[in-house]
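**Q** Sequences and hints are given; from them, build the entire structure.
If you read the sequences in order, they're chains A and B. Under the numbering used here, the letters of the first sequence match residues 367 to 477, in that order. Under the numbering used here, the letters of the second sequence match residues 167 to 262, in that order.
No lab work stands behind these hints: they were computed from the structure. Please note that the accuracy of each hint is not assured.
Unchecked claim - Which stretches of chain A does chain B cover? Using the computed rule of at least three CB atoms under 8 Å from a CB of chain B, they are:
#, segment
1, 374 to 383
2, 428 to 434
Said to hold, decoys possible - One side of the interface only, derived from the structure: several residues of chain B facing chain A at Cβ under 8 Å:
#, residue
3, Pro199
4, Ala202
5, Leu213
The C-beta atom is built at its ideal place from N, Cα and C for all residues, glycine as well.
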Amino acid sequence: MIAEWTQYLGGALLVVASLFSVLAALGMLRFPDVYMRLHAASKAGALGLGLVFLAIAVVSLDFAVAIRALIGLFFILATAPVSAHLLARAALRSGPRPTEKTSISPRFLDR
Amino acid sequence: MSGSVFLDMTTAIALVLLGIAFAFTLIRLLLGPSLADRILCLDTITLLAAGAIGVFAIRSAIYVYVDIAVAVGLLGFLSTAALARYLLSRSNEEHR
Chain A
367 MIAEWTQYLG GALLVVASLF SVLAALGMLR FPDVYMRLHA ASKAGALGLG
417 LVFLAIAVVS LDFAVAIRAL IGLFFILATA PVSAHLLARA ALRSGPRPTE
467 KTSISPRFLD R
Chain B
167 MSGSVFLDMT TAIALVLLGI AFAFTLIRLL LGPSLADRIL CLDTITLLAA
217 GAIGVFAIRS AIYVYVDIAV AVGLLGFLST AALARYLLSR SNEEHR
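**A** Here you go:
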């Protein structure tokens with residue numbers, strides 16, 4: 367049946383999404399630097415929430431719910447880079463210097 | 167294994183993994199040396215909460231929760247943007 371197939375696909379998407387979220391949180395915990403943590407959190411975290419929305423769109427079998435979930439997915443994919451960029455700029459201007467391992471072009475470092 | 171049983175199992179796994187992610191992010195929120203770390207942690211916690219609400223929407227089959235997840239995602243973006251602007255303006259005042 368179609369319903370069975372979508373349930374299997376949605377469950378697999380949910381597990382992948384939560385694994386991405388755990389990887390993002392692990393990166394937040396383990397990376398030595400604000401900028402590396404931004405890398406982990408903004409990519410993997412947004413991808414985790416986006417895959418949850420995709421799973422909702424697959425599982426629900428309802429056009430209105432699927433459209434709302436896809437709008438949420440588009441919204442997350444559009445706003446995650448913007449907020450990460452704003453936060454990285456603010457951190458570079460105000461916060462700690464990057465560690466040796468973080469490669470930032472030197473022309474961004476003279477504030 | 168039928169599809170609904172599989173979906174029940176995977177949503178339980180997803181909620182447990184999201185809880186672990188919450189714990190990691192909370193540790194970094196407590197440790198975080200600078201204000202930018204803490205703002206980033208709040209952003210990630212908001213994303214994780216929206217994800218947990220979405221997983222719960224699938225688990226309970228009450229799809230009104232999808233709207234709540236979208237709204238929480240919007241709130242996370244707005245709060246991160248506002249806090250980043252605050253951080254930027256504060257550093258400008260210090261340099262003046």
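**Q** Please list, smallest to largest, the hint numbers that this structure does not respect.
**A** When the structure is compared with the hints, none of them turns out to be violated.
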